[in-house]
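Asker: Each chain, written out:
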Amino acid sequence: MTNIPIESIGVVAQPRPGAPDNWRRFFSFSTDHKVIGIQYIVTSFIFFLIGGLFAMIMRGELITPDADLIDRTIYNALFTMHGSVMLFLWTFPVLVGLGNYLVPLMIGARDMAFPRLNAAAFWMVPVVGILMLSSFLVPGGPSQSGWWAYPPVSLQNPTGNLINGQVLWLLAVAISGVSSIMGAVNFVTTIAKMRAPGMTLFRMPVFVWTVLAAQLIQLYGLPALTAGAVMLLFDITLGTSFFNPDKGGNPVLYQHFFWFYSHPAVYVMVLPVFGIFSEIFPVYARKPLFGYRVVSVSAIVITIVSGVVWVHHMYASGTPGWMRMLFMFTTMCVAVPTGVKVFAWVATIWGGKLRLDTPMLFALGGLINFVFSGITGVMLASVPVDIHVNNTYFVVGHFHYVIYGAIVFGIYAAIYHWFPKMTGRMYYEGLGKLHFWLTFIGTQLNFLPMHPAGLMGMPRRVASYDPEFAFWNVLASLGGFLLGMSTLPFILNMVSSWIQGKPAPANPWRAIGLEWLVSSPPPVENFEEIPVVIAEPYGYGKNEPLIETKHSEELAEPA
Amino acid sequence: MTSELSISQEKEAAVVHEHDEAGNSMFGFIVFLLSESVIFLSFFSGYVIYKTTTADWLPAGVAGLETREPFINTIVLVSSSFVIYIAERFLHRDNLWGFRAFWIATMAMGSYFLYGQAVEWSGLSFGVTSGLFGGTFYLLTGFHGLHVFTGILLQTIMLIRSFLPGNYEKGSFGVEATSLFWHFVDVIWIILFILIYVWQ
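Chains as they are written, first to last, in my numbering: chain H, 1 to 559; chain C, 560 to 759.
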């Protein structure tokens, strides 16, 4: 009858360190990409809570116009740490974690190309976190120069110590950069060389395309930031004059180095979320992804275009007129491949049999927020508008709609969607829906009032402000506290479901994809036999098989 | 019969897997080097911007850089790229002692380069804090020197490993990667030499 290999029975009988039911592996130097993926997601979520706590303290300060809750220097330290933690310790690593878990499964590989490198890259994340947060303990406290660390502000060292908040910040960012490059080399090699037979480029799920596009940005962009960070570190520690205007240096050059990476870094974060949207909409609308090939290629187009837009962060940095015009044009060009994607998603949902489960709700909410942030994004790309609202809360509102409204919503959608696959348990739908509505309302309440406040002229990075902005700030603060509370049903849901949730079948959503063909959670090394892919992804309603099956071959033989 | 078939398939799969691993490592290493080159590109563009926009480029009392000794250094380093290539050829023909001889010659040439660099640094009248000229000079030559040092370190490891029995059974990825890294360090130096010493 069925041919059960004897070896696999042996594997089941003997619990190994990597077996799916052994929780201790999550605290070990495991080289299994699935373990590392979950390690990334859980670790970064803890940092998300810490960064969120910083944000809530700031919103508590801003609920009244006066600086009365905390000292101004602490406020500066908090917005620096909030931005740094949220980017380097939450958004980047959580998306690397999702990619780590999903990419090998989606392309039919047993693991990443370099499993040990993968584990080493993950274990740098806690080091970065400890190093960055330890700056609260040194004299003078953490860096106060923001996550962008512009000189000459970042060159100030009032305590005179060599180990100060700014130096610790730079070291943490440097280690985070090494970790990201290791991850990027691993992802690009895995996607280029480890695909299953038949998994051609245009049979890869869009999520894999977008991870590839994002990691290519890391490879060409991050080294530029590293160069700038090294020079800044030398300015602070050795007394060189690269960015120090007092000694003839050029602080604007640092801004070029910084934004050459840190603008594309936004696409490093948002591209995988585009991938998540592209995976989720077809499943819950029961329709193939509209324009699959165009959506895939548009990810690579974004990779290329995002490399030539960075000066739009520097319209007000004494940038010459011709350069402003040039970068205004290139920045607006980004709207084309992103617009293509939005149209494709809307066309995918259009006329589908929608099932509004939690992942779909988060994806839809994320899409709405993304369209809104895209509109304000095109506004900000325009030089006259940007000069007017430069350094105001309008900018803060815009990028929080991108990063929270679109990216965090996409991450939540992905966590709910693949939770049954990762843990082998179903989550509680009711708590998921409660979490969605709290988060959606909290997001609008927190970030929408920032736009009118900014248009009225409220500056960013201030602990006190003119009372005329008070109304919008009270709303935003209430929204901020609501967002903080919204994580409670999520944590409750995840923890209790993982412990005692209903056991999940291999494919609870009737989704099409290699990851749904294996058990939940997938066995060690993922596939008993590497599948042979014979069709494009997203074949919903097409009634064609995704992979070649042994069974059908055997049936075909007698005929 | 089916079990025999599955065993042979497994063997085949294992072989393909192993072959892939070596190929993956080289692919990954090339991707890494491309990314690493962007750091140098950033430093180079920073240097060009500083040099073309700074009013008092040379610090007071500095006429320029001596080019004779660095030029000899350049010739030694560039030649070592050919020497390491010959070493690699010897390894492919399984001539281990020929490989080691030329490998050690490469290391000696790299060490001579570092020594020459150290002599040059110690004889200079300006330091790292002497304006943008001093800062960029030491940054570029120092960062490149760090790569030369890393290259010699890798070469030492490869030399020691060549004495281990059965070291090349799984291919010679380590030697090939080290050699590629050495060529990379060479190319960077040629650009650096033109930017700093030739273009004064």
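One or more hints might be untrue.
Said to hold, decoys possible - Just a few of them, taken from the derived set where beta-carbon distance is under 10 Å, the chain C residues facing chain H:
{"no.": "1", "residue": "Ser584"}
{"no.": "2", "residue": "Ser594"}
{"no.": "3", "residue": "Phe602"}
{"no.": "4", "residue": "Gly605"}
{"no.": "5", "residue": "Ile608"}
{"no.": "6", "residue": "Thr613"}
{"no.": "7", "residue": "Leu617"}
{"no.": "8", "residue": "Phe685"}
{"no.": "9", "residue": "Val687"}
{"no.": "10", "residue": "Thr688"}
{"no.": "11", "residue": "Ser689"}
{"no.": "12", "residue": "Leu691"}
{"no.": "13", "residue": "Leu698"}
{"no.": "14", "residue": "Phe708"}
{"no.": "15", "residue": "Ile716"}
Note that these hints are calculated values from the structure, not bench results. Glycine residues also receive a C-beta, built at the ideal position from the N, C-alpha and C atoms.
Asker: What are the numbers of the hints the structure violates, in ascending order?
Answerer: Hints 7, 8, 14, 15 are the ones this structure does not satisfy, whereas the remaining hints hold.
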